[in-house]
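Trainee: Sequence:
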Amino acid sequence: MTNQEIANLLRQVAAAYTIKRENRFKIIAYEKAADTISGLNNDLQDLWKEGKLFDLPGIGKAIGGYLDELFRKGVVRHFNQVLAQLPASMFPLMELSGFGAKKAYKLVTSLKLKNPKTAVEDLANAAKQGKIAPIEGFGEKSQQEILEAINRFKKGQKRTKRMPLAYAYEIANNVIEYLVRHQDTKEAVPLGSLRRMLATIGDIDIAVSTNNPEAVLDWFINYPKKFKVIEKGPSGATIILLNGTQVDLRVQKPEMFGAMLLYFTGSKRHNIHLRELALRKGLSLNEYGIKPIKKTKNLELSTKNFDQKMKLYTFSNEIDFYQALGLPLMTPEIREDTGEIEASIVHNLPKLVELTDIKGEFHIHTNYNLEPSHDLGASPLSEILNNASKLGYEYVGISDHNPSIGNHTSSQIVSILKRRKANYEQILSSLKSVRVKLLIMLEIDILPSGKLAVPDEAFEYLDAAIVSIHSNFHLDKDSMTKRVLSGLSHPKAKILAHPTGRLLERREGYELDWAKIFAFCKERNKAIEINSYPDRLDLPDYLVRQAVDEKVKLTIDTDSHAASQMDLIKYGVFVARRGWATKDDIINTMPYNKMKEWLEK
DNA sequence: GCCGTTTTCGGCCCGACTGTTTTCAGTCG
Numbered sequence: 098m099t100n101q102e103i104a105n106l107l108r109q110v111a112a113a114y115t116i117k118r119e120n121r122f123k124i125i126a127y128e129k130a131a132d133t134i135s136g137l138n139n140d141l142q143d144l145w146k147e148g149k150l151f152d153l154p155g156i157g158k159a160i161g162g163y164l165d166e167l168f169r170k171g172v173v174r175h176f177n178q179v180l181a182q183l184p185a186s187m188f189p190l191m192e193l194s195g196f197g198a199k200k201a202y203k204l205v206t207s208l209k210l211k212n213p214k215t216a217v218e219d220l221a222n223a224a225k226q227g228k229i230a231p232i233e234g235f236g237e238k239s240q241q242e243i244l245e246a247i248n249r250f251k252k253g254q255k256r257t258k259r260m261p262l263a264y265a266y267e268i269a270n271n272v273i274e275y276l277v278r279h280q281d282t283k284e285a286v287p288l289g290s291l292r293r294m295l296a297t298i299g300d301i302d303i304a305v306s307t308n309n310p311e312a313v314l315d316w317f318i319n320y321p322k323k324f325k326v327i328e329k330g331p332s333g334a335t336i337i338l339l340n341g342t343q344v345d346l347r348v349q350k351p352e353m354f355g356a357m358l359l360y361f362t363g364s365k366r367h368n369i370h371l372r373e374l375a376l377r378k379g380l381s382l383n384e385y386g387i388k389p390i391k392k393t394k395n396l397e398l399s400t401k402n403f404d405q406k407m408k409l410y411t412f413s414n415e416i417d418f419y420q421a422l423g424l425p426l427m428t429p430e431i432r433e434d435t436g437e438i439e440a441s442i443v444h445n446l447p448k449l450v451e452l453t454d455i456k457g458e459f460h461i462h463t464n465y466n467l468e469p470s471h472d473l474g475a476s477p478l479s480e481i482l483n484n485a486s487k488l489g490y491e492y493v494g495i496s497d498h499n500p501s502i503g504n505h506t507s508s509q510i511v512s513i514l515k516r517r518k519a520n521y522e523q524i525l526s527s528l529k530s531v532r533v534k535l536l537i538m539l540e541i542d543i544l545p546s547g548k549l550a551v552p553d554e555a556f557e558y559l560d561a562a563i564v565s566i567h568s569n570f571h572l573d574k575d576s577m578t579k580r581v582l583s584g585l586s587h588p589k590a591k592i593l594a595h596p597t598g599r600l601l602e603r604r605e606g607y608e609l610d611w612a613k614i615f616a617f618c619k620e621r622n623k624a625i626e627i628n629s630y631p632d633r634l635d636l637p638d639y640l641v642r643q644a645v646d647e648k649v650k651l652t653i654d655t656d657s658h659a660a661s662q663m664d665l666i667k668y669g670v671f672v673a674r675r676g677w678a679t680k681d682d683i684i685n686t687m688p689y690n691k692m693k694e695w696l697e698k
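Numbers 98 to 698, taken from the numbering used here, label the letters of the first sequence in order.
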């Protein structure tokens, strides 16, 4: 069973308890457990095998025990008993927007819908025949809304694509630049997953701090690249851009801007955790500020800075808001409730890597034609070196793809690489003004056998190599792990590039045994790449976090195929930050000499 | 049913929105 299937099972049990009018906190407990499981990055069953089931938040004695039974026997007797008391046809209806357990149950029982397979269609027919409006608690309007929900559901079967972070980020920046040109805009900031720098983004949300919301909203809906206005109210507006992207704007008064940012940046789980924490101190948090609430015990101890008579404390920025709770600012990238709140309570948040820490990178393709089987870059070495100089880099590694093995003999490959080295060295010496150090590297295919796609003698002309998978993506986990480890075994193979092979929204990566990969890398001084290319962002953030925990070294590279793409490095830095990486975890924050030392050990 | 800077009992995130209601229930993010 997948995590989503298990989470779904728990949600069904929660729904059953809702109908049976069980203790509502018990229902919430099941929903919480389901949320935890659906948000996991690891297979729940693997965690169970490792005995970590009960470490998960929201999974205690009872639910943990049932899950244990599920993994041992394949079924949970208690769950089956509970679910058997309800009509199975109610669950498909709960997929519809606006439907919870109660509405679904009421409708299937009132209308005698028995077949789960046809329940949605049967409900649509009932609505069309006007059979829903007379049911107690329903009316004409809700009958109409149900029909619309069913239509949306049918359309929504083809799920809407999310866009890679980099595209959303650029679009949002353009809108923000436009917004701050208005005199009444005090500040404009992205919200939600965009501000937290998730790998993919749905809609773009932006917040503006202003004392004149009306004027800013008018300015916004006249954005030059607007296609149409969806809605405009007193506190926000929504437009669709010419490229089809939806952009939501929210406005707030400057004195309340901090609470608003916190609330709409999320994540939801971060906010909930924060509110639970605050509640124990006698404080209630909402999107407008902090409310002291009446508590019987230990009032002075916990809320000594808060006057109970005050209705609402407001905050113009997030730093003050967090500080009021006795916490340091948590950067948006880590607000996922994966331990950041616990760490901040004991003032043990890591100092995350920053863009300015980057001193170079290793993965850039030039237009030098070494007849590879994959694509060449578009820019000459000179342009790349000049750009590196502009970025303030100390060094760049050029990692063109290896010459194709189909079209060349081993000795031809060696001589191509020899020629390339001579060519690069000549270019470098001709660029007197450029002080950037050059590393002559290569991105080498790891063949399905685990062998590298260049002969051993070729390494004489390389300072170091990046290795990566570009073929036979469908090997099983064990074979792929062996393949990668074999490829990484060469002493000059120092970096594993785009390690999962994923392409966002287009291709799942292959599977690897990360525990083995991490252990190998740590022992043999290999680094794993965080590839900044917009469609990749690979290593993914949660694996970065695991690598950091295992003290595995990482690099942040762009995989640039043109000099202009070197700016993409910031997205890799965002991923690293989401994975709690510090400067010390990243090889290319080291100055040249230290980095060189690491490459050679 | 879960959990602990109120700690093994006694609490449990918060407000907006909608539709059906005359004060609330259900759903959502």
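One or more of the hints may lead you astray.
Restraint-style ranges between C-beta atoms, simulated for each label pair [what the hints assert, rightly or not]:
| # | residue 1 | residue 2 | range |
| --- | --- | --- | --- |
| 1 | Asn-309 | Thr-215 | 47 to 57 Å |
| 2 | Gln-101 | Lys-146 | 13 to 23 Å |
| 3 | Asn-270 | Asp-472 | 19 to 29 Å |
| 4 | Ala-612 | Thr-215 | 41 to 51 Å |
| 5 | Thr-99 | Arg-532 | 31 to 41 Å |
| 6 | Arg-516 | Lys-487 | 54 to 64 Å |
| 7 | Leu-409 | Lys-146 | 45 to 55 Å |
| 8 | Ser-576 | Lys-117 | 43 to 53 Å |
| 9 | Lys-698 | Gly-436 | 53 to 63 Å |
Everything labelled a hint here was simulated from the structure, so no lab data went into it. Note that CB positions come from ideal geometry on N, CA and C, so glycine has one too.
Trainee: Hint by hint, note whether the structure agrees.
Mentor: Okay, the hints, checked on the actual structure:
One distance hint, 47 to 57 Å for the beta-carbon pair Asn-309 and Thr-215, holds here, with the actual separation near 54 Å. Gln-101 and Lys-146 have their C-beta atoms about 19 Å apart, which keeps the hinted 13 to 23 Å range intact. With their beta carbons about 28 Å apart, Asn-270 and Asp-472 fall inside the hinted range of 19 to 29 Å. For the hinted restraint 41 to 51 Å between Ala-612 and Thr-215, the CB-CB distance of approximately 46 Å keeps it satisfied.
A hinted range of 31 to 41 Å for the beta carbons of Thr-99 and Arg-532 is inconsistent with their spacing of about 53 Å. Evaluation of the 54 to 64 Å hint for Arg-516 and Lys-487 yields a failure: the beta carbon distance comes to about 28 Å. For Leu-409 and Lys-146, the Cβ-Cβ distance of about 49 Å falls inside the hinted range of 45 to 55 Å, so the restraint holds. At about 49 Å, the CB distance of Ser-576 to Lys-117 agrees with the hint of 43 to 53 Å.
As the Cβ distance of Lys-698 to Gly-436 is approximately 32 Å, the hint placing it in 53 to 63 Å is violated.
Comparing the model with each earlier hint shows violations of hints 5, 6, 9; every other hint is respected.
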